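> Chain by chain, the residues run as shown.
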Amino acid sequence: ETGVTQTPRHLVMGMTNKKSLKCEQHLGHNAMYWYKQSAKKPLELMFVYSLEERVENNSVPSRFSPECPNSSHLFLHLHTLQPEDSALYLCASSQDSAGLAGRAGELFFGEGSRLTVL
Amino acid sequence: QKEVEQNSGPLSVPEGAIASLNCTYSDRGSQSFFWYRQYSGKSPELIMFIYSNGDKEDGRFTAQLNKASQYVSLLIRDSQPSDSATYLCAVYNAGNNRKLIWGLGTSLAVNP
Chain A
7 ETGVTQTPRH
17 LVMGMTNKKS
27 LKCEQHLGHN
37 AMYWYKQSAK
47 KPLELMFVYS
57 LEERVENNSV
67 PSRFSPECPN
77 SSHLFLHLHT
87 LQPEDSALYL
97 CASSQDSAGL
107 AGRAGELFFG
117 EGSRLTVL
Chain B
1122 QKEVEQNSGP
1132 LSVPEGAIAS
1142 LNCTYSDRGS
1152 QSFFWYRQYS
1162 GKSPELIMFI
1172 YSNGDKEDGR
1182 FTAQLNKASQ
1192 YVSLLIRDSQ
1202 PSDSATYLCA
1212 VYNAGNNRKL
1222 IWGLGTSLAV
1232 NP
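So the sequence lines, in the order shown, correspond to chains A and B. 7 is the number of the first residue of the first sequence in the numbering used here; add one for each residue after it. 1122 is the number of the first residue of the second sequence in the numbering used here; add one for each residue after it.
Excised from the complex, chain A in its bound form (with noise of 0.2 Å):
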């Protein structure tokens, strides 16, 4: 248990549906991050929130929408996914997103939602 809460844990849908991801952290933190990850491919960070502001975008396509309603919630709204966004989506959060001391790498992640787009 990391304090990280992620639902749901599987999940299938078709390119036309729309879902969405939900992350839960309980350790007071700052910062909440989506990463996906694929095989034979490091871990890719999506979208980074700072004390509920959106501080990162990596380029990430429109069908992929964040959403933190506060600190501690950290939504990812998908619709029309292709079958290559089929990944382990990890949610994380750390202390804070930035600083020398480099509190923004120690991570704490969910135990993830497996996605299959068919």
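Please keep in mind that the hints were generated in silico from the structure rather than gathered at the bench. A quick note: this is a predicted structure, and the numbers were derived from the prediction, not measured. For glycine and all other residues, C-beta sits at the position ideal for the given N, C-alpha and C. Some hints here could point you the wrong way.
Lysine-lysine pairs mimicking DSSO-like chemistry, simulated, CA-CA at most 27 Å apart [claimed, not checked]:
| id | chain 1 | residue 1 | chain 2 | residue 2 |
| --- | --- | --- | --- | --- |
| 1 | B | Lys1163 | A | Lys25 |
| 2 | B | Lys1220 | B | Lys1188 |
| 3 | B | Lys1188 | A | Lys24 |
| 4 | A | Lys24 | A | Lys47 |
Chain B side only, calculated, beta carbon under 8 Å to chain A, not exhaustive [said to hold, decoys possible]:
| id | residue |
| --- | --- |
| 5 | Ser1153 |
| 6 | Phe1155 |
| 7 | Pro1165 |
| 8 | Met1169 |
| 9 | Phe1170 |
| 10 | Ala1211 |
| 11 | Tyr1213 |
| 12 | Trp1223 |
| 13 | Gly1224 |
| 14 | Leu1225 |
So the derived label-pair ranges between C-beta atoms look like this [unchecked claim]:
| id | chain 1 | residue 1 | chain 2 | residue 2 | range |
| --- | --- | --- | --- | --- | --- |
| 15 | B | Asp1199 | A | Glu50 | 43 to 53 Å |
| 16 | B | Ser1141 | A | Asn23 | 41 to 51 Å |
| 17 | B | Gly1137 | A | Lys24 | 47 to 57 Å |
| 18 | A | Asn23 | B | Ser1173 | 41 to 51 Å |
| 19 | A | Gly9 | B | Ser1173 | 22 to 32 Å |
| 20 | B | Glu1178 | A | Asn23 | 48 to 58 Å |
| 21 | A | Val61 | B | Asp1176 | 28 to 38 Å |
| 22 | B | Asp1199 | A | Arg60 | 36 to 46 Å |
| 23 | B | Glu1178 | A | Gly20 | 47 to 57 Å |
| 24 | A | Ser26 | B | Gly1137 | 46 to 56 Å |
| 25 | B | Leu1132 | A | Asn63 | 30 to 40 Å |
Once you've looked at the hints, dock chain B against the given chain A.
Relative to chain A, chain B alone:
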């Protein structure tokens, strides 16, 4: 050139041996270095971080950093089958758009 490079493995060691995992990085301005462990089907878990040149020990784990040579390593002493996992190296530079750059990971198998 990949920004963070790791040997994909699998690295196979017998139980009780020392496992040595290596990581090189290209950004000389990198300031913080992290090792994450990821069991199959699970999410990454932070096990070590190091900011200064030299060694940092935590239980059976030792992280070693050499900024001049741009490499960071993780030693696991008295390896156990439960250490079998993929180990991800990540490197952070506050000046590089504050991004954490990840390696592909090294798969470690500890054989009983």
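> Could you tell me which of the hints above the structure violates, numbers in ascending order?
Going through the list in order, the structure violates hints 3, 8 and 15 and respects the others.
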